[in-house]
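Student: Residue numbers (my numbering), protein chains in the order written: chain R, 7 to 185; chain H, 7 to 185; chain Z, 7 to 185; chain W, 7 to 185.
Take these hints with a grain of salt, some might be off.
[What the hints assert, rightly or not] Quick list of the computed label-pair ranges, beta carbon to beta carbon:
no. : chain 1 : residue 1 : chain 2 : residue 2 : range
1   : Z       : E66       : H       : I29       : 56 to 66 Å
2   : H       : T27       : Z       : I29       : 22 to 32 Å
3   : R       : F150      : H       : G138      : 19 to 29 Å
4   : R       : F150      : H       : T27       : 17 to 27 Å
5   : Z       : P158      : W       : Y155      : 55 to 65 Å
These are calculated hints, taken from the structure and not from any lab test.
Where a beta carbon is used, it is the ideal one built from N, C-alpha and C, also for glycine.
Each chain, letter by letter, is given below.
4 protein chains.
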Amino acid sequence: MLRRVRKLQIAVIGYNKDRCTDIASNAAYEVGREIARASAVLICGGLGGVMESACRGAKENGGITIGIIPQEEFSYANQHCDVVVCTGIGYARDFIVASSADGIIAVGGGVGTLIEMGVAYMTKKTIVAMAGSGGVADMYGGKFLDERYLVPITIAKDAKTAVQVILAANKSVKSQSGA
Amino acid sequence: MLRRVRKLQIAVIGYNKDRCTDIASNAAYEVGREIARASAVLICGGLGGVMESACRGAKENGGITIGIIPQEEFSYANQHCDVVVCTGIGYARDFIVASSADGIIAVGGGVGTLIEMGVAYMTKKTIVAMAGSGGVADMYGGKFLDERYLVPITIAKDAKTAVQVILAANKSVKSQSGA
Amino acid sequence: MLRRVRKLQIAVIGYNKDRCTDIASNAAYEVGREIARASAVLICGGLGGVMESACRGAKENGGITIGIIPQEEFSYANQHCDVVVCTGIGYARDFIVASSADGIIAVGGGVGTLIEMGVAYMTKKTIVAMAGSGGVADMYGGKFLDERYLVPITIAKDAKTAVQVILAANKSVKSQSGA
Amino acid sequence: MLRRVRKLQIAVIGYNKDRCTDIASNAAYEVGREIARASAVLICGGLGGVMESACRGAKENGGITIGIIPQEEFSYANQHCDVVVCTGIGYARDFIVASSADGIIAVGGGVGTLIEMGVAYMTKKTIVAMAGSGGVADMYGGKFLDERYLVPITIAKDAKTAVQVILAANKSVKSQSGA
């Protein structure tokens, strides 16, 4: 019997290294931890800031981390990525991060994070913004990105809730402990 | 003496065929016409709706039109593109449309248009939204896309003004009649 | 002390479903198995034919498999991918498959496989062709792709040797059982 | 009656600045000139070497030149491009150059040129190699790139013949003086 091995893939997006605050870094760590506890795979842009903190949170809790980086050399990825996908396509890799997720969680972030939310919105994926994490997560949390009202950007009070929102929306993609 | 032949490149972005209104279509036509009159090159996503109306406006006024399409076959482009760039990279081509512009003008539009504004914002290009054209042009016109306040989305009352805003911001890239 | 968790990433490229032979499919399965036994991560294009057989070989031997697909929806991937990267950029994803590998192994294949070998060649990665697997693996095995003689396409008689060639060339990227 | 304005688009590919010979540069200039004389649009990778010489040949003979560059800033393009498409996707832009051509002409070149020929081959476009121009043009001229024998790489003795081969294969895409 054919049986898919793929686990649920959750993307964490947000501030890069330059602008990451302690609040956002801590929130990202907790989101990474909760993704690991839910036996989902953490997808991210593979660089510093929120991406690195989330990867660390996942790795320190037995999770799996995938970094999809803009560059074509492995060395740009943070040290907590299990697998590095070197796209070489620059910031257009934002499309790939969002397309490769069953749901995404924003922690702070600038316009690059907004673009990733936009790609997820376009394909009606579940988008969660961490309350109080700053940046576009707080700017756009609770809103719709265009007049079509396709999917709301759901505000989550804590990391566990954020992950639960995505799990609930993706019950058909089972998270499998045996994969 | 080395002398660049490149003219100013202005992107027109907005509603695709499915959601384009008469108001947006007319505004796009006028923007295309004004780009042609300014001897600039019109860059767009090459498909229907705002893209097609803008190309028609430029072509009926002696302009040059470039369509940068998601597909890898020419046949998807609208009939008013002088040159078709077949990217084959899907909607990630939004990055290329915005990167290939000295400034961009939004006419209505959904989240794809927001993404293109986001890419332009990230690289601090001049972004103009046509007043009253609907969609994200009206939703985000007059605002900044993130907390860094990099560049405002300037609201323009008419097509001529929209093009003038971009010309004024790019005086170093001369529009050359002899190119 | 900072310590990288990333394991060695080996790409398997070759015939897609339409043209895959039994010989190539079996060879791909064995290559997948040997990658798993070496505790490396299998990278591939995520679709059918050689990609699917290699993933199956890895999964049935405790390995980890990453499918980097041209499409933006998960459903196109074969059922043996642990993680699916939905690029949405069409066949330009060949660049990403090759860039995301520490070394690549070709099993048969048409011009798409040649393109992936070309990308790996450009960045001087180790390229191995499975002897007798048909297609471009046999056409270009033992040769250099251009007049610069950057890296040879090494011919391997069996799957174990193919993987050993890549392990030997990447001793600095340790394969870590504890990751 | 709907009437397409698009002219025939011919790509010139080959050596970049680092490895370009005088022979290849002269051949590229002549190819650019003949493309202009045929009222076709010259498509290229927009950088130096063969790309620059071909653009110069076209511009000095009244042609139109499009440079599709890997970078996201205009300044990397050579000075003879009428329009610059800033892809920002690195060398994956080779796919776009080939996809955006009705036919391609190779003048010398390394593995990047081979990749572009591969993309054109995959979609059965007319591929011409300039005889005696060195590099992959001479290495693969007269051959098929894989065992499917999809399209041959036609050898041309001079620039005029090279362009004629592509014109003959694309009679349905009319080159229009009035566009």
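Student: Please name the hints from earlier in the document that this structure breaks, with their numbers sorted from lowest to highest.
Tutor: Violated: hints 2 and 5.
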